[in-house]
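What follows is the residue order along each chain.
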Amino acid sequence: MSSAKNQAERIKEISGVNPLKCMKCGKCSATCPAFNEMDIKPHQFVSYVLNGDIDALANSKSLWKCLSCFACVERCPRDVQPGRLIDAARQLVIRQKGQTGLAPEEIPELLDEDLPQQLLMSAFRRYRR
Amino acid sequence: MKYTYYPGCTLRTKAKDLDAYARASAKALGFELEEVENWQCCGGVYPLGTDEIASKLSSVRALNEAKEKGQDLVTLCSACHHVIKRVNNDMKNNDDIRTRANNYMQLETPYAGETNVLHFLEVLRDKVGFDTLKEKVVNPLTGKKIGAYYGCLLLRPGKVLGFDNPENPTIIEDFIRAIGATPVVYPYRNECCGGYISLREKEMAKNMCDKIKESASGFGAEMLITACPLCMYNLNKSEAELPVYYFTELLAEALGVKEEAK
Numbered sequence: 000m001s002s003a004k005n006q007a008e009r010i011k012e013i014s015g016v017n018p019l020k021c022m023k024c025g026k027c028s029a030t031c032p033a034f035n036e037m038d039i040k041p042h043q044f045v046s047y048v049l050n051g052d053i054d055a056l057a058n059s060k061s062l063w064k065c066l067s068c069f070a071c072v073e074r075c076p077r078d079v080q081p082g083r084l085i086d087a088a089r090q091l092v093i094r095q096k097g098q099t100g101l102a103p104e105e106i107p108e109l110l111d112e113d114l115p116q117q118l119l120m121s122a123f124r125r126y127r128r
Numbered sequence: 000m001k002y003t004y005y006p007g008c009t010l011r012t013k014a015k016d017l018d019a020y021a022r023a024s025a026k027a028l029g030f031e032l033e034e035v036e037n038w039q040c041c042g043g044v045y046p047l048g049t050d051e052i053a054s055k056l057s058s059v060r061a062l063n064e065a066k067e068k069g070q071d072l073v074t075l076c077s078a079c080h081h082v083i084k085r086v087n088n089d090m091k092n093n094d095d096i097r098t099r100a101n102n103y104m105q106l107e108t109p110y111a112g113e114t115n116v117l118h119f120l121e122v123l124r125d126k127v128g129f130d131t132l133k134e135k136v137v138n139p140l141t142g143k144k145i146g147a148y149y150g151c152l153l154l155r156p157g158k159v160l161g162f163d164n165p166e167n168p169t170i171i172e173d174f175i176r177a178i179g180a181t182p183v184v185y186p187y188r189n190e191c192c193g194g195y196i197s198l199r200e201k202e203m204a205k206n207m208c209d210k211i212k213e214s215a216s217g218f219g220a221e222m223l224i225t226a227c228p229l230c231m232y233n234l235n236k237s238e239a240e241l242p243v244y245y246f247t248e249l250l251a252e253a254l255g256v257k258e259e260a261k
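As given, the protein sequences belong to chains A and B, one line each in that order. With numbering that gives the first Met the number 0 as the guide, the letters of the first sequence map in order to residues 0 to 128. With numbering that gives the first Met the number 0 as the guide, the letters of the second sequence map in order to residues 0 to 261.
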């Protein structure tokens, strides 16, 4: 992968977010329903992008825990939209050749008879490109 | 009144009921749903990346078809609604996305967000009117205590979806009153059910849904209603005892057309 600085720039481009606007109030983390599952919390995620520490984000548990529920996006008083940053970091990983958050071979054992098509579709879109 | 209607993948498969009850109810209320020809799946989640264009095109095709017919586009599934409304917002307000999407589409007249996107609930509130709905109810669900489960996708981001107040919504409670039942307001009604995470992280989604159901029960709800097949699936995986219905099932019941939907 290219240099950390370039990667941070790519995350800003893909997300369309300016992390410099963050005033570190922590409201995103306070409202995140996946907070307990995250190693790097949403408000910290913003700082990691600012500091160009992208490898840590790419290898974090948090990257795969964001639910895209838009609670942080709705409630951010500075319109930083941490959920968009997390999605962009995820894309930086899964757009690389051979990288994916979900392999098709995993699917059969995850199915049950009530599982809606919407769930498969959404998961493929969220874990893969 | 005729609307262009986008059912989406799950309403043709695991959530046929959601669709059938809506169609029967629309007929009873005097409006028509004309299905988009050859519609394609919306993708289930809105593509957040500013450079993602191809994954937004299925929405643009449906939106453009409604525009050509001069009709509003009605959706029923929360996810389809979320995706199509947000893509429409991009086509209206984001020059870069609009230009690049139209380059793919090669339409005679470029699409620029002209279509009005309405959720079925918005049709009930803004077009039919809850007062008129109330008059057409033949079988009021008197005494039923119902919790509205909004989840995320109908409400957020509020600025784009413009569906209702994202923090303190009232549309489903007003719907519940219109069909003669009693709404139960509870704190977790706009909390996430876990969404797509339930494919692999079943325990995480289950814990979230346990909280939602316990919150609703604690405030006296006897059942929940939802507009989303994925919320329905996730909520049903929780063992907390509280039945979950599609809002259209109760609507059809109140309008006395439940049997016709079968």
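Worth flagging that the hints you see were computed from the coordinates, not collected in a lab. The model shown is predicted, which means the values in this text are computed figures rather than measured ones. Warning: the hint list may mix true and false statements.
[Unchecked claim] EDC-like mimics (lysine to aspartate or glutamate), calculated; alpha carbons at most 16 Å apart, straight line:
(1) Lys13(B) to Asp38(A)
(2) Lys15(B) to Glu108(A)
(3) Lys201(B) to Glu12(A)
(4) Lys15(B) to Glu112(A)
(5) Lys26(A) to Asp16(B)
(6) Lys257(B) to Glu34(B)
(7) Lys205(B) to Asp113(A)
(8) Lys205(B) to Glu258(B)
(9) Lys236(B) to Asp113(A)
Do the hints match the structure? See the list:
no.	hint	in the structure
1	Lys13(B) to Asp38(A)	violated, 35 Å
2	Lys15(B) to Glu108(A)	violated, 24 Å
3	Lys201(B) to Glu12(A)	violated, 33 Å
4	Lys15(B) to Glu112(A)	holds, 15 Å
5	Lys26(A) to Asp16(B)	violated, 39 Å
6	Lys257(B) to Glu34(B)	violated, 21 Å
7	Lys205(B) to Asp113(A)	holds, 15 Å
8	Lys205(B) to Glu258(B)	violated, 33 Å
9	Lys236(B) to Asp113(A)	holds, 10 Å
Consistency with the previously given hints fails for numbers 1, 2, 3, 5, 6 and 8, ordered from lowest to highest.
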